[in-house]
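Assemble the complex: chain Z is given as a structure, and chain B with the ligands must be docked to it using the hints.
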Amino acid sequence: MKRTLTICPYCGTGCALWLLTENGRAVGVEPVREHPVSRGGLCVKGWNAAAFINHPERLKTPLVRKDGVLTPATWDEALDRVVSGIRDLQRLHGNDAMMFASSAKATNEENYLLMKLARAVFGTNNIDHCARLCHSSTVTGLAQTFGSGAMTNSVDSIEHADLIFVIGSNTTEQHPLIGTRILKAVQNGAKLIVADNRLIRLARHADIHIRHKNGSDVALLLAMMNQIQTDGLADQEFIESRTEGFAEFQDSFASWTPQAAAAITGVDPSVMADAARLYASAKSALIFYSMGITQHSHGVDNVRCVAALAMMTGNLGREGAGVCPLRGQNNVQGGCDMGALPDLYSGYQKVADPLVRDKFAKVWGCELPSNPGLPLTHAMNAAHDGKIKGMFIMGENPALSDPDQNHAMEALKSLDLLVVQDIFLTETAQLAHVVLPAACYGEKDGTFTNTERRIQLLHKALEPPGEARADWEIVCELACRAGCQGMNYASTAEIMAEAASLTPIYGGVSHERLTLAGLQWPCPASDHSGTPILHRENFTRGKGKFIPVSYRPPMEEPDADYPLMLTTGRTYFHWHTGSMTRRTHLLDREERRSFVEISPIDAASHGIREGGRVTIVSRRGEVTAFARVTGSALPGVLFIPFHFAEGAANVLTNNQLDPESHIPEFKVCAVRIGAAP
Amino acid sequence: MKILDSSGLTDFLATVDREFNLTLPVIDASGCRIYGTLQAGTPALHGGALLAKPTSLFFPQEEDVHVEGGGDSEPPPEKQLLAIGFTPKDLLCLGFIDRFFSDGFRDDIYFRRRQGALIAAVSGYVGADGGFIPPAFGNCDFEFIFDGKNWIINPYSEAGRGIAALIPYDAPIDALSQVMAEVERYVDEDAAIIKKASQILMADLVPDSFWEEIAASCILCTGCNLVCPTCTCFGVRDWRDADGFSRSRMWDSCQLDGFAREAGGHNPLGTEALRTRRRIHHKLAADMTKWGEMGCFTCGRCDAVCPTGIGIVAVARKMVERFQHNLS
Ligand code: SF4
Ligand code: SF4
Ligand code: SF4
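Chains as they are written, first to last, in the working numbering: chain Z, 1 to 677; chain B, 1 to 328.
Bound conformation, chain Z alone (with noise of 0.2 angstroms):
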């Protein structure tokens, strides 16, 4: 039995685990006591991360599509379909008809090299990932508002909190770890509010549960500043010495009292009264929020407010005080630090600007393109009409992860070329001309920056399945097949020292340094121990930045015809489009099927039963689950999950756009539902 080191491939709280292997296999796993994060505690899917390693489905052998069928391939054979594939599309209709889709669940070396390989290799800024789907909202309004869209505290800091106030976050379910953490500060006597119209495990330990419809957050933290300024809670030197903007930023909350809101929100006023004093009156207040506040045509807006609210009542840049949005997947964060994003290098570098493209120039030995590239999401929109000929996408699952489920496999399915580089024959790579097997987590090394911006380091425990190879290996391959000298690496750590020395806020950091804590970026310097806490002394930008907002309702909202209102999100069991957790035989037994949250009232007025098959039908399309009669949904609303491919929410959904993130409104859209024939 030999233990490796290594990190969870699930979510974004980035636990360290130990991966047990006997004779080649993977046959459990073990907590790490020592682990400044996990503590010697895991959830349910740490627990259960060895189980899909040695998965008879996992991919084994390149496939390359002949007469219309995935056929087992040599890797000469696949990778130089791949390349010349490339470069015809390219030669015909331009670089940019090619998009590269990075993943959050890879390492930050091979987001880095995939982003390399699409802008120095293949000439195009058409590079992104599934941060557009989940965090795009809060790296464009936290950048504005602060100067850096990350986490602004550690984990760590919830225990220095005397309130925590969590919007849109089910954290004890999809950040299990971070979500105790806030349990046990409320046992140690810290406050806690909730925003979340379902009663979600840390509502039930909440002093304040406000249950407010959905999309109506701006609503709701308008109010929230208005009773602040109106009871004098506001932190006036804080706004003064470290603030711009506050001035106009007040006619954003002027006539939004709680009565005024109400009537959106649908929460009585004196609730959010209430919690907007609780919040202000504390010493210390971290926020903590997710896909409840970001996945809306109205993202941007919602994480513009709840900066504003912090920095109303000076609750940044101190242990205890702080905004944190928590990065859904493993390596979301190490996703976007490393460039994975139309418009921005690594370290969230400008491709506009002349003097950072002149640098990676010189170190990469080549020409760079200077238009920003396209945002997956416009992407998809591109390949539907015709414009995008060509994905590669590298650990994503897009068929089933996209919003309007039909949209965007019409729109895979008219690609001239698919590639898909994956662990399993996913929903995408059944449609890919060709498929690359890559290695799972723990069959590779490299590092996974978690939500507090930790870069933590993984080692390989076992060799990967047949004949698949790590991500950076097959990358750096296609590389030197399309002509390109300088993509050769003996070592994911030599990948890192080219990272780290083009971008600032990795300046520091190298394979060598990462102990068993890793390294919070920033960490400039070799002589550096990195950063728990952003904006000390200053934001990163200056002085933070009040953004004038105003409130926009979701672009669909129920009528008669589509009387309810629909929510999608993840279970605690599974993990997004379900290719790893539903080959966990654990999971898998949980958590079997499609269901459909209905508040019991719902239930009873459209004569559905507990477990019942029913129908849900939006403007998009239809899909059947089974109800879950329960009073954690509120009246009005569902909640379907999008794990399942057979009763895929994402049909369902609304492929509309947040206009400056880009983010497709996941959270809200109108639906009906009735009981199955």
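None of these hints come from the bench; they were simulated from the model. Check each hint, because a few of them may be wrong.
To be verified - Straight-line alpha carbon distances no greater than 20 angstroms define the calculated SDA-like cross-link-like pairs of lysine to any residue that follow:
hint: 1; chain 1: Z; residue 1: K2; chain 2: B; residue 2: D257
hint: 2; chain 1: Z; residue 1: K184; chain 2: B; residue 2: P134
hint: 3; chain 1: B; residue 1: K195; chain 2: B; residue 2: E63
hint: 4; chain 1: Z; residue 1: K2; chain 2: B; residue 2: D28
hint: 5; chain 1: B; residue 1: K149; chain 2: B; residue 2: G162
hint: 6; chain 1: Z; residue 1: K283; chain 2: Z; residue 2: R536
hint: 7; chain 1: Z; residue 1: K184; chain 2: B; residue 2: A215
hint: 8; chain 1: Z; residue 1: K2; chain 2: B; residue 2: A40
hint: 9; chain 1: B; residue 1: K79; chain 2: Z; residue 2: N23
hint: 10; chain 1: B; residue 1: K149; chain 2: B; residue 2: P134
hint: 11; chain 1: Z; residue 1: K60; chain 2: B; residue 2: D243
hint: 12; chain 1: B; residue 1: K318; chain 2: B; residue 2: Q199
hint: 13; chain 1: Z; residue 1: K184; chain 2: B; residue 2: A314
hint: 14; chain 1: Z; residue 1: K184; chain 2: Z; residue 2: H209
hint: 15; chain 1: B; residue 1: K318; chain 2: Z; residue 2: V186
hint: 16; chain 1: Z; residue 1: K2; chain 2: B; residue 2: D64
hint: 17; chain 1: Z; residue 1: K2; chain 2: B; residue 2: E63
hint: 18; chain 1: Z; residue 1: K2; chain 2: B; residue 2: A215
hint: 19; chain 1: Z; residue 1: K387; chain 2: Z; residue 2: K413
hint: 20; chain 1: Z; residue 1: K184; chain 2: Z; residue 2: R211
Unchecked claim - Covered stretches of chain B, as calculated for chain Z (at least 3 residues, CB under 8 angstroms):
hint: 21; region: 30-37
hint: 22; region: 159-167
hint: 23; region: 209-222
hint: 24; region: 255-267
hint: 25; region: 281-290
hint: 26; region: 302-312
What the hints assert, rightly or not - Pulled from the structure, derived: some chain Z residues nowhere near chain B, Cβ distances all over 10 angstroms:
hint: 27; residue: E173
hint: 28; residue: P553
hint: 29; residue: S594
hint: 30; residue: G636
Computed from a predicted structure; not experimentally measured. In this text, a Cβ means the ideal position worked out from N, Cα and C, and glycines have one as well.
For chain B with the ligands alone, kept in the frame of chain Z given last:
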């Protein structure tokens, strides 16, 4: 009895490593204390119970029970297993599951690994922060007892005596006098709490509302079950591929809904409160009825692993605080 100083201990471990397939607590390159071989790190007998359960040597998280067609069968181990690092409480847990896996039937898969394995306990002033762990004085092949300065090696079985004989230094006759005096003074608070909680449960004095309150904090991580050396429940998984078919078993957890869910979907333990009650009731009351002893030896692991502070001792303490006055 033999005696070793710390450098003597290092040499001794190197010697037995040549003879046996040695596993023991080590500190590895990352600074973490884990079970491993001498090649995986430096020996770390101090520090008390490790979070991972030592019984996983015989009942691992996942193992094949049947493989048909392809797949290599496991090569038999070359050397006999010598497992150092059980605490005396861990030995009681091991005895509990040895009985479980052999009571009325013999679980071949368990004994495939368990048979012939040598077990050595570690006790004395070796607890976390130098705390005292009363020696087992039995239940294993031999024991390392730290008296604050030296290691006393105390053999209990034939095999243990054989291994101890490799050490040239006999311990003085009164080598354990200080340890024995400490044993006299030692009060095991956790064990006392658990015993009282067991009486409260057996007398049916805990209302449902208590379990609802506790379960409200449970995030269903399953850690409490998976680290517990007396937990023996497993699930069965079948995998089929081009080469054949394999069946393996893996640890399961009674905190999960699927654990007791019936094929038709009904679940007699269908709420978190019922399942939390069941986990604790099983160990403190049901096992008393079945085996005449509790299924918890207060090894400390579930309290250490539970991310929300509701391990068995913490829950027992609450139970005692609230309900002991009802105990006649
Ligand atoms: S909390 Fe997240 S990182 Fe930790 S074990 Fe669970 S899924 Fe993995
Ligand atoms: S303390 Fe917990 S882990 Fe240890 S034997 Fe008792 S129930 Fe099991
Ligand atoms: S360890 Fe704690 S949180 Fe995890 S399943 Fe057990 S009681 Fe629940």
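Going through the hints against the structure:
| no. | hint | in the structure |
| --- | --- | --- |
| 1 | K2(Z) / D257(B) | violated, 32 angstroms |
| 2 | K184(Z) / P134(B) | violated, 32 angstroms |
| 3 | K195(B) / E63(B) | violated, 34 angstroms |
| 4 | K2(Z) / D28(B) | holds, 12 angstroms |
| 5 | K149(B) / G162(B) | violated, 24 angstroms |
| 6 | K283(Z) / R536(Z) | holds, 16 angstroms |
| 7 | K184(Z) / A215(B) | holds, 14 angstroms |
| 8 | K2(Z) / A40(B) | holds, 9 angstroms |
| 9 | K79(B) / N23(Z) | holds, 16 angstroms |
| 10 | K149(B) / P134(B) | holds, 16 angstroms |
| 11 | K60(Z) / D243(B) | holds, 14 angstroms |
| 12 | K318(B) / Q199(B) | holds, 14 angstroms |
| 13 | K184(Z) / A314(B) | holds, 13 angstroms |
| 14 | K184(Z) / H209(Z) | holds, 18 angstroms |
| 15 | K318(B) / V186(Z) | holds, 17 angstroms |
| 16 | K2(Z) / D64(B) | holds, 17 angstroms |
| 17 | K2(Z) / E63(B) | holds, 15 angstroms |
| 18 | K2(Z) / A215(B) | violated, 35 angstroms |
| 19 | K387(Z) / K413(Z) | holds, 13 angstroms |
| 20 | K184(Z) / R211(Z) | violated, 23 angstroms |
| 21 | 30-37 | holds (count 7) |
| 22 | 159-167 | violated (count 0) |
| 23 | 209-222 | holds (count 6) |
| 24 | 255-267 | holds (count 4) |
| 25 | 281-290 | violated (count 0) |
| 26 | 302-312 | holds (count 6) |
| 27 | E173 | violated, 8 angstroms |
| 28 | P553 | holds, 34 angstroms |
| 29 | S594 | holds, 15 angstroms |
| 30 | G636 | holds, 26 angstroms |
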